[in-house]
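Enquirer: Let chain A serve as the given structure and place chains B and C on it in line with the hints.
Chain by chain, the residues:
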Amino acid sequence: MDIKLQDVEYRYAAGTPFERPAIADVSFHIPSGQYVAIIGHTGSGKSTVLQHLNVLLKPLKGEIEIGSRTIAAGRKEKNLKEIRRRVGIVFQFPEHQLFEETVEKDICFGPMNFGVTENDAKKRALEAVRLVGLPEDILKKSPFDLSGGQMRRVAIAGVLAMKPDVLVLDEPTAGLDPRGRQDIMNMFTGLQKTNGLTCVLVTHSMEDAARYADKIVIMHKGRVHRTGTPRDIFRDADSLTSVGLDIPETVRFQQLFEKRLGRPLEKVCLTPEELAAEIGKLRGEIS
Amino acid sequence: MMEKIIFGRYLPSDSVVHQMDPRAKLLFIFIFVGIVFLANNVVTYALLGAFTFLIVFLSKVKLRFLIGGLKPVLLLVLFTFFLHVFFTKEGDVLTQFGFLTIYKGGVIKGIFISLRFLLLIFVTSLLTLTTPPISVTDGIESLFGPLKKIKVPVHELALMMSISLRFIPTLLDETDKIMKAQMARGADFSSGSISDRVKAIIPLLIPLFVSAFKRAEELAVAMEARGYKGGEGRTKYRILRWSMRDTMAMLFLVVLSAALFILRS
Amino acid sequence: MNTIVISIKGVSYQYPEQESLALNNVSLDVYKGEWLAIVGHNGSGKSTLAKMLNGLHYPSKGTVMIGGYALNEENVWSIREKLGMVFQNPDNQFVGTTVQDDVAFGLENNGVEHGVMQERVFASLEKVGMTAFLNQEPHHLSGGQKQRVAIAGVIALRPDIILLDEATSMLDPLGREEVMNTVRELNEKEGLTVISITHDLEEAAKADRVIVLNEGRLYTEGTPQSIFQLDRELLNLGLGVPFAVQMSQLLADAGLQLSQRHFNEEELVSELWTLNFKM
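Residue numbers (my numbering), protein chains in the order written: chain A, 6 to 292; chain B, 913 to 1177; chain C, 94 to 372.
Rather than coming from a laboratory, the hints here were simulated on the basis of the structure.
The structure presented is a predicted model; accordingly, all values stated were derived computationally and were not measured.
Glycine included, every Cβ here is placed at the ideal spot set by N, Cα and C.
Check the hints yourself; a few may be wrong.
As the list claims (entries may be wrong) - Some residues of chain A that are not near chain B, with every Cβ distance over 12 angstroms (derived):
id : residue
1  : T21
2  : R90
3  : G195
4  : D241
5  : Q260
As the list claims (entries may be wrong) - Pair by pair, the computed Cβ-Cβ distance ranges are:
id : chain 1 : residue 1 : chain 2 : residue 2 : range
6  : B       : E1129     : C       : G348      : 51 to 59 angstroms
7  : A       : A78       : B       : F977      : 22 to 30 angstroms
8  : B       : A958      : A       : T47       : 50 to 58 angstroms
9  : B       : K1141     : C       : H207      : 17 to 25 angstroms
10 : B       : K1141     : C       : N135      : 29 to 37 angstroms
11 : C       : P266      : B       : I1025     : 52 to 60 angstroms
12 : C       : A216      : A       : G48       : 52 to 60 angstroms
Only chain A is shown next, with the shape it has when bound in the complex:
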């Protein structure tokens, strides 16, 4: 399912003395089946953009196409449920939204709100728990007795069980340790590759954006600063640093190495593995 934003604008507390702008002139395209990363600092407007993707916020100007629906400013929108089922959002620290007595009931909450029968929802819960790499017997436990990392996975399972077409992830690994971080990120890429899920990752991490994304949208002060493929974006490092964003460590390391070498490598490497291989190749050529 494609999502297209066209000149979207939003202001918080519109019409009160506390009004403040959030985003303006935001246009970009999330093509079906792709992995899109939205990056920017805190306050760059990326969370506001995220909430438009399933119409938790409605644009004050502009419009958003979500599949076959168009949400335009100033129109009353009804029947948003179908959009919310198809665009699942995993919010930051999603474990804060757990509330049921058992993990199973909590995971079933989403599907059942969208009209799935209890039996089917339970089947989905089992599938979802397996997908996020938790043991089956966890279904009968209370979510509040689990470790932080497990709670995070349960919350993610709760969104996956809705079987969305688009999965929006807001800093899904914040606060996790390095190993947990990697496991979860790999799971999302797996879902995108094997099930054709569209993924939208909202993140501060340049490393994750470089490693996983097909396309990057950079937000700065409520506007889209740049969009492009990771190689395009990171080739032009100055454009990133000009808005106070870091470049991925791999790219920075590549630049250091290129300075010694006196010429650029063939391509901008996005992961340390890629860069190590590239430097290895070079050694073979030189010696």
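Expert: Relative to chain A, chains B and C alone:
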């Protein structure tokens, strides 16, 4: 949705009203609440109204904004108004629909009571709009200070109040966040029957309670780590200063009360 | 640099209703003016140790000496004046309704006189670069700013040691940098002893000394340089490694010559160049 409520919000500015001692403002309100009940005719209500608008003017808070903020309580005001219109049987009969008879006295009383209501809301909203919540707390702690002698835990109560105030925005943000997370999972908070809506609130309330308890626990640990061991031997960073301006305001209020006494019928 | 400010000897701790020991016979010293990082996986015992250093837990076995005081219920308030703590969640340690009220909170608790209090609040905020936010309310501050205020609140009490208990783990990269720079300045300019408890190895790389805890025991200790030579072993402990270390490893795997695991990128590039490409 909570953005429109103005009661309890602070609007920074440098007006005379903002600069008053919170104790003066609190006393002012206690007395004002009392003297509003003195008004009982056109002249006295006009006087009170003029006085209220004078304070609004001095506070530099936009009237449009105050009136906008009245919306949530407007229903209550209208209800009170009609209650009096329909149930007061004084004065001449104005009109009659079926079993309802409307008397002139009822309309007048309805207007007066609604006005009284509005004036009280204006003035109390002004208190919070012009005083940072922490100053209100300091004011209360100081005014009720003498109660410590009869073992009322004034310090603890004030601290509780100031911590609650400090966490209101945090918890509102959190409510908004959890609500959105549940809406993204298909929860519907705004339609259905009353029992549906009550049920819909559970997925919101439980996470909120869980997080509030966690916060409380962590806060208690942090406070202990920073040396908090109760009110005994504590000094205060904020010191309230009573100025000429505050005395003037009190005098003004005395004059107003006297005028109301004389002019009421 | 050799004065001992904290001395922990044979300390064990067990949480009520739990079978395994959260801390198991841990001994270590902390020296005046150093920056010590204590790293470990979740459940390694590092948070228990942090709470113990602030008298929020008492050892079941062994002794803890902090700034000349033995840790017990009698001395705990004196110890809290010597050692200030910054916690993980920026919101849940912000007590005051504004920045200056929050910094003053600890001073109020200690009965500091009003004039002195005002001076110290201002001076502390100056040291963390937050004087422009004197009257700001916490919900208008970023996570990094809140943590800097928390640090100001700690240093206003003039402690010898500051303990950061995962103080940057909930922050974004900018916030993390802000807080780390502030702490570094305090460590260098004011000679404040810093203990940072973290699972972020980039943060640990900035310390003078690193202690690795695993399953309640002291696993190893040394300079960041020596700790990062353990690369794969660290990964097995559930810890990440800094980028340059990971890069060294990958380059070595790709058949390039390197004498050691580097955690400084420039050094790595230099050696990579000298050993492999210079002809």
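Enquirer: Are the hints correct? Go through all of them and say.
Expert: Comparing the hints with the structure gives:
1. T21: violated, 6 angstroms
2. R90: violated, 7 angstroms
3. G195: Label holds. Min Cβ-Cβ 22 angstroms, cutoff 12 angstroms.
4. D241: holds, 35 angstroms
5. Q260: Holds, since 39 angstroms exceeds 12 angstroms.
6. B:E1129 - C:G348: 51 to 59 angstroms: holds, 53 angstroms
7. A:A78 - B:F977: 22 to 30 angstroms: holds, 25 angstroms
8. B:A958 - A:T47: 50 to 58 angstroms: holds, 52 angstroms
9. B:K1141 - C:H207: 17 to 25 angstroms: Since B:K1141 and C:H207 have Cβ atoms about 20 angstroms apart, the given range 17 to 25 angstroms holds.
10. B:K1141 - C:N135: 29 to 37 angstroms: holds, 31 angstroms
11. C:P266 - B:I1025: 52 to 60 angstroms: Holds, at about 59 angstroms.
12. C:A216 - A:G48: 52 to 60 angstroms: violated, 29 angstroms
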